[in-house]
Amino acid sequence: MAAGKTRSSTSDNPRKFTSWKRIWKAATPYIFISPFFVGFVALQLLPIAFSAFLSFAEWSGMNQIQLVGIENFVTMVNDPRFWNALRVTFTITVVCTALGTACSLALAILIEQATYWLSSLLRVIFFLPSVTSVVVITYVWKQLYNADFGFINTVITQFGLPAQQWLANPRLALPSLIIMLIWAGLGWDALIITAGLRSIPDELYDAAKVDGASGWAEFRHVTLPLLRPTLTFVLVTSVIYLWGLFAQPQLLTGGGPMRGTQTIALYLYDVGFRYHKFGYASAIAIILSIIMFISSYANFRVVRTDVEY
Amino acid sequence: MERRRRILRWGIGSFLVLSSILYLLPYVWMIAMSLKPDGEIYSTSLFPQNPTLIQYDRLLHGYQFGDLILKVNFPAYYKNTIIITGLSLVLVLFTDALAAYAFAKFNFRGRNVLFWIMIGTMMLPIYATLIPSFWLFSKLKLVNTYQALILPGVIDAYGIFLLKQYMETVPNEILDAATVDGAGPFRRFWAIMVPLSRPALGTLAVFRFLFVWNDYLWPLVIIREETMYTLTLGIANMQMRQGMVVHGSQMAAAFLATLPVVILVLLMQRQFLRGLTAGAFKA
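If you read the sequences in order, they're chains Y and R.
Using numbering that gives the first Met the number 0, the first residue of the first sequence is number 0, and each one after it goes up by one.
Using numbering that gives the first Met the number 0, the first residue of the second sequence is number 0, and each one after it goes up by one.
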């Protein structure tokens, strides 16, 4: 501040200089955020507003946009395919989240028991699918599930069990998808749970030992309660991710057989980009956004409440 | 007691080793299939009897049917993916760091409102913008272009959030000292903030790399020409080639697409883990 004043007093036209400098100074933060915000408005805010607008309209992308009020939402309520997609997505979300979190918790606790180098190695191994493209993961599993040459049928026929049509049988396709999803998500969740386990102070375990607590009692009364915020975080992020599930069912089964694996996002994509019903697709997108926004908001609230011991 | 504990430890250790081998099976399958000649693709043995690099060779030189050669544009997919990942990383780090610096170290009118709008839209899924974005880019005649692949990925509110948290911990005294030395706001940003925020920038870079490199939905919507395919689109569409045995070369492509990511994550493990746990505990 002092430096600025002395300099401006030595300049030829002190008044003009300071006012320019003031404007420049006030504008600085806006200039800094502008590269982001220009893109943000053009590619986020306006598209979101346009989506919301389109959800009350009928449009194929070619013709005039026609406002139809809440007709799209009425169609949705009466659309058995929408309800099917909702049911499929809900099933995947609940089963994957419950089983996946339980498996990750067990894995994280077991890995903590291993020696240092082994646990570091295991964490990397179990983390691999989290950084591998879902396209790669899905095509590898598609081959593993392949009815003719897939590894899974090779193994089970060796045990004398009949070969299965894992992806073509309506009763097996959804479980096959779910198994792949749990496999792929295990390492990520386990890693976050590990960080949670490590933040539990050792003194609490020492105290439990002094009180003569068994391993199970220790887990039940020390680990689990103190891990609650971490577990909530894992549950909620997994729920958000699964509600928006698209690539895996699209590539593994194409949503079939008989729409048995068609998620909401997959249905939305079909409605929008195959049947060109942009209005109806936008209405589905709005409903999906509301579901995911509520889940995210819950997550944000949970994470913000700091962990206290 | 001590003996029992040691036995338990060994038991858990061997259980974990066995399950991790089983867990890696899809990766073993991927590599094994990529090394099999066509004649062995449908065999029941997991490992190739006569390992060959022909599936990799096809990705470069195409499939040969007598005199006919059917090209796979795999090198182009790779090139496209490298270009869009590189450019979008540079752009996203620059715009996010600038904005995060303003949010962390400046007081300006509308700051909180803008920040909360940003956080609010961050919680919305890509589906909320998918159709209008597609329409916008087709209106601008940018379908099948790098611009269309890159630009939406540059808008990343999460990165601003992450960097802002970090930049707030940089003491104001350092910045004030630079001001006294006559450094303007951009100079303070470039010469002080950016170098001091390297760990957070590294974390963000790894996250964005993974996202852009592995993204599938947006390229699927905006790219129609095979020469503009990214790796994910290319691998997904190899299935469509009728009459050819693509299972082997598809796995070869999958392996080549996965390799750089795995190497990167192994090299940048520290930044990566910090970012992950920061998400869970510091947000």
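Incorrect hints may appear among the rest.
[What the hints assert, rightly or not] No more than 30 Å apart at the CA atoms, straight line, and that leaves these computed lysine-lysine pairs for BS3-like:
id : chain 1 : residue 1 : chain 2 : residue 2
1  : R       : 140       : R       : 70
2  : Y       : 141       : R       : 78
3  : Y       : 141       : R       : 140
4  : Y       : 20        : R       : 78
5  : R       : 104       : R       : 140
6  : R       : 104       : Y       : 24
7  : R       : 78        : Y       : 276
8  : R       : 70        : R       : 163
9  : Y       : 20        : R       : 140
10 : R       : 70        : Y       : 24
11 : R       : 78        : R       : 140
12 : R       : 138       : Y       : 276
Since the hints were derived computationally from the structure, they do not count as laboratory data.
*Does the structure keep residue 138(R) and residue 276(Y) at a Cα separation of 30 Å or less?*
Holds - the C-alpha atoms of residue 276(Y) and residue 138(R) are around 18 Å apart, at most 30 Å.
*Does residue 140(R) pair with residue 70(R) here, judged by a C-alpha cut-off of 30 Å?*
With Cα atoms ~28 Å apart, residue 140(R) and residue 70(R) stay inside 30 Å; holds.
*residue 70(R) and residue 24(Y): Cα distance at most 30 Å?*
violated (58 Å)
*Quick one, are residue 141(Y) and residue 140(R) close enough, alpha carbons at most 30 Å?*
violated (36 Å)
*Does residue 78(R) lie within 30 Å of residue 141(Y) when you go C-alpha to C-alpha?*
It holds: about 26 Å lies between the C-alpha atoms, which stays within 30 Å.
*Do the alpha carbons of residue 104(R) and residue 24(Y) lie within 30 Å of each other, as the hint requires?*
Measuring from Cα to Cα gives roughly 13 Å; hence the hint holds.
*Could you grab the alpha-carbon distance between residue 20(Y) and residue 140(R) and see if it respects the 30 Å cut-off?*
Roughly 42 Å between the alpha carbons, so the hint for residue 20(Y) and residue 140(R) is violated.
*Quick one, are residue 104(R) and residue 140(R) close enough, alpha carbons at most 30 Å?*
violated (39 Å)
*Can the restraint linking residue 78(R) and residue 140(R) be considered satisfied, given a maximum Cα separation of 30 Å?*
holds (22 Å)
*Measure nothing beyond the straight line between the CA atoms of residue 20(Y) and residue 78(R); if it is 30 Å or shorter, mark the hint as holding.*
violated (46 Å)
*Given the hint that residue 78(R) pairs with residue 276(Y), does the C-alpha gap stay at or below 30 Å?*
violated (34 Å)
*Does the structure keep residue 70(R) and residue 163(R) at a Cα separation of 30 Å or less?*
violated (47 Å)
Checked against the numbered hints above, the structure breaks hints 3, 4, 5, 7, 8, 9 and 10 and satisfies the rest.
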